[in-house]
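We have chain A already, so just place chain B on it with the hints.
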Amino acid sequence: MNHSPIGLVAIGASAGGVEAFRQFFERMPPDSGLAFVVMLHSPPGRTSLLPDILARWTEMPVQEGRDGSAIEPDRVLVLPPGTIAELRDGYLSLRDIPIGTPRSHTPIDAFFGSVATSLGDNAVGVILSGTGQDGTLGLKAIRAKGGISLAQSGDGTRPQYSGMPHSAIAAGVVDFYVPVEDMPGHILAVWRVRQATEGPIDRPGEDEDRLRLAICEILQSRVGHDFSQYKRSTFMRRVQRRMQVMRITVLQDYVDLLEENHEQTALLFDDLLIGVTSFFRDPAMFDLLEKEIIPRLFRDADPTDGVRIWIPGCATGEEVYSLAMLLREHMETSLSSLKVQIFATDIDEDAIGVARIGRYPTALLEGLSQKRRDRFFVWEDDGYTVRKDLRGLCTFAVHSLIRDAPFSRIDLISCRNLLIYLDTVLQDNVISVFHYALVPKGILVLGISETVARHGDLFAPLDRTQRIFVRRHVAGVLPPGYHFRSGAGRTAMVAGGAGQLAGTPDRVRATGFAIRRVLERFSSPFVVASAAGEIVHFSSQVGRFLEPAPGEPSANLFEMARHGWAQELRMALRRCAETGRPVEQLRAAVSADEGTISTIRLVVEPLPGGDSDALYMVVFADADEPAPPGDPALFAAVSSGGKAVADLERQNRELMERMQSLSEEHAAAMEELRSSNEELQSVNEELHSTNEELETSREEIQAINEELNTVNAELSVRVEQLNRSNGDLRNLFDSTNVATIFLDPSMIVRSFTPDIGRIYNLIPSDVGRPLMDISTQLIYTTLREDMETVLRTLQPIERRLERQDGSSHYLMRLLPYRNPDKSVDGLLITFVDVTSIVAAELHQKLLVDELNHRVKNMLTVVISLATNTKRRSKSLESFLEVFLGRIHALNGAYALLSRDAWLPVRLRDVLMEELRPFLTDERANVKMIGPVVMLDSRVALSLGLAIHELTTNAVKYGALSVLTGNVDIAWAVEARDEVPNLVLRWTERGGPPVSEPAARGFGMVLVERAFAHDVGGHAEVVFSADGVVATLTAPLLTDFSKEKPG
Amino acid sequence: MIDGDAVLANKRVLIVEDEMLIAMLIEDMLVDLGCEPVGPYSSVAGALGAMDSHRFDLAILDANLGREMIYPVAERLEQRGIPFLLVSGYGQQAVPAGRDHWRVCTKPFRRDDLVRMMVSLVPLTSQ
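Taken in sequence, the protein lines are chains A and B.
Last residue of the first sequence: 1046 in this note's numbering, with the numbers rising by one and none dropped.
Last residue of the second sequence: 127 in this note's numbering, with the numbers rising by one and none dropped.
Chain B residues, not near chain A, derived (Cβ > 12 angstroms throughout):
#1 K11
#2 F56
#3 Y71
#4 R76
#5 Q79
#6 D100
#7 R103
Cβ-Cβ distance ranges computed for the label pairs, FRET-style:
#8 B:R76 with A:D849: 20 to 30 angstroms
#9 A:R976 with B:D32: 33 to 43 angstroms
#10 A:P992 with B:D52: 44 to 54 angstroms
#11 B:A9 with A:A972: 41 to 51 angstroms
#12 A:R916 with B:H101: 47 to 57 angstroms
#13 B:D112 with A:E788: 53 to 63 angstroms
Hints are computed from structural coordinates only; laboratory data are not their basis.
Backbone N, C-alpha and C fix where the C-beta goes; we use that ideal spot for every residue, glycine too.
So here's chain A without its partners, still in its complex pose (with noise of 0.2 angstroms):
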């Protein structure tokens, strides 16, 4: 056996199967060291979104099984929908169901069927929730190469459709019937103590050998079945897994179990006949029945009936189809028109399903010849499916064998390894009742180590030793409590029947033979008849009153009846049918040999049974009085014969005839039963096939209904995803203000976002209108040329827009809407607010404009500056030295102000460019006093370029041309024509005597001229005697007050 290192658990499911995979995964550690293959019914065309869903359960990488994908330890794969799936050598191969195929039923099966073959006992088959039958014969394949087999229970976590887990049960191939939630537990048990009890069958020792026969003593005594001559390697291995499902280790706790526990028993001897249902299981056996008694049965069979078999018990139907096949050879051979019928029954309806619809995956075919294979099965993607001319023989029915009526008519009943499961008493029973069922002749076959020694009176042996019986003719009487009723009440009737049936059957059967001896040795003789005088049973010394009448052969009572008592019998018989009481007469005899006359007691007397089929005891006892005198007629007919004979014997003629018409009235009487019955059977024929396509029908619905529920958990997941993503979308939208509108192809508003209203004035109930025919407050009318234009060409538009009221400006983006598969499918239009973008550019382009201007008037100024200072300098130095001054003047307050890109500038730091050099602590002969003033460019620089003016005059001829000269500079804010004006004061002491000069310098001139002028204010400078004063006035148009003060 293959022992590689991988243990692969399966995992099958349909309806349903998503919750269970949710609770299997979650309780799976992901550290396992098993391997995963998930299966999940689902149509085929769609991409699974399972692999996903199974991946937030467990921790274990998961995957979609590929062809070719290899089976790894701690590994999730997962089987795509549509294909079928097989394991070949530990690698998936996966095939695609074409399209327009029929769906395929069974592709579980398929699959842990080559799991079976492929991994023998490493396997582990789990069956969730799902309708229908698919992963029975898997699990059974599994089982039957040692492998290890699960299906989900109703406890815990209920199946939402136990269909299938409750199929597989129901034939009997499911090791553990658990809760989902519990099945990571056993099967992580399980494996360990697989591993722990690793080839222990290949150690035999003496301690091993004692507890194998230990256990075959176990069996031998609790199920009647000898198993010390099965193979041992075989024998030991089915012990071996019933350990492993039971967690024990050590082979002397398992046999302490089994000794303990009846169930178990029961279980391990369900193991070892596992498999024995597959196809041609005991082949020596299906080649006598092809060979010998398929040709008896179409030889010896009914023309009007044909060849009926019957099996009970018949499971997942491969033993039903394996006869279906030899009497299908048979009949092509034999051009036999004899019609074939096979009940195939079973207790329970899941049983009966899987055998219904007769497909089966490969594993299960072991044992089928090819040519048998290609004649009688079609092979279905994932399975071989049993063709129409093999499967109509064959009526599957729900059938008990204890409580039901059986069939009859029977030619053929094949009922092996049935009976080992019921005690001796129901084996009893179910022996008379195939003793009823069959035809004078039929044939019975049961299991090995099945047999029917102990009703040698109603089988007789074929062939002993593949356990063929053939019946005998003999009056069999269906066991007491059996009922021929149907519908309710059955079970009542069978806790009754079983009550009547207990005792010790030993006993029973010891007292029945006394009582049989005493009955031939001291007892008158007797017959048991019908009441149409056939007999059914002879006593012993029955000869004097009975001979064998001319003729057919006949056991008529009345036709066999010495003494010419016919007439008598039958008169005392009809008496006690008809008051079922005893009826007692004496009749003169006459010793046929002796011709001496004895007086003989008749006793006919009803037996206990049912009313239609009454039989009667009839006693020739022995009597010791006379025959009594009432009865001279008699008398004299025996003692003297004659006339009174002659005349008894054309009463009796008389009698004779009309008795004959009376018989003839009867046969056409039966006659007519007979082809009503006929009728009946076609009539139920017809519901037959009817039911049967029924069936067929149910599994359509089934299996649709089956995909429709798979389709819906996965619609249900992505509802789930497809709200998120709505939600994130929703939630995009809202953060980033974008307003949007979603247009179909003729320009039709199909959504749009809350932002738009700012833009359109659409409301919810707008959907549907055109964009067209929405108001809107922009200023844009190209609209729907630009639409068509990107339907044309499918180039985005993009353009900025600006409110009617001027208000806002937006970036509008017009662009085609694709599907996800990339087809353009209407246009979706964002608007993007930029009117602050919009603010900003404008704003640079009049900072550009206004820099320009100033670059140009500074360049004329200082043409201007040159011009004037050339006029009025005496010679190029005192030019230069001038002319660069104001030039530097200029650049200090211009610098003050591009420092602070053109704000406001404080009036303190305009003084302090020009007069850093007099304020250091060496000269500190400058003084300024005032409140802070916010100037700005244009005062600023006016007024940067009088102080250099005054600077300059004062270093060369006023208070700072000597180092005690000082200037106190004294402003002030006050309100002229309620304006604010700022007032500075420039005064210059202890510097030489001043005069004013003849004619002003052209730094006075600036001083006054321009301050004034440029400014719109007031300069006057006075030349004291102390020094120069001078005063600035101006306005301060800008109200820099409520600026933060630096």
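Below, chain B without anything else, positioned relative to chain A:
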């Protein structure tokens, strides 16, 4: 080179310019040419007031007075048929829409450019 002295001599020229240094430059140039400057004025209001109180033959207007544009003054001058010359760093762009015939002397200007443009403004009859 045009000798503007003859054409422009004794002409009265209004100067509107917010930058005193530039105004002084123009003033000096006009004096050199024998013209009589009127102004300078640094605002639209000032210039409009001067139009009512002074007589002049020609005007040199700074297009951008910092806080305001000169256009109302130019419009009034055009109405009165008094020729004028705009001075601006923006060049011909300083002219508002629909006033493309207004002449602009681009800052910074050279003396000769200013003179040539002034000469072209003076009506032939008065030359």
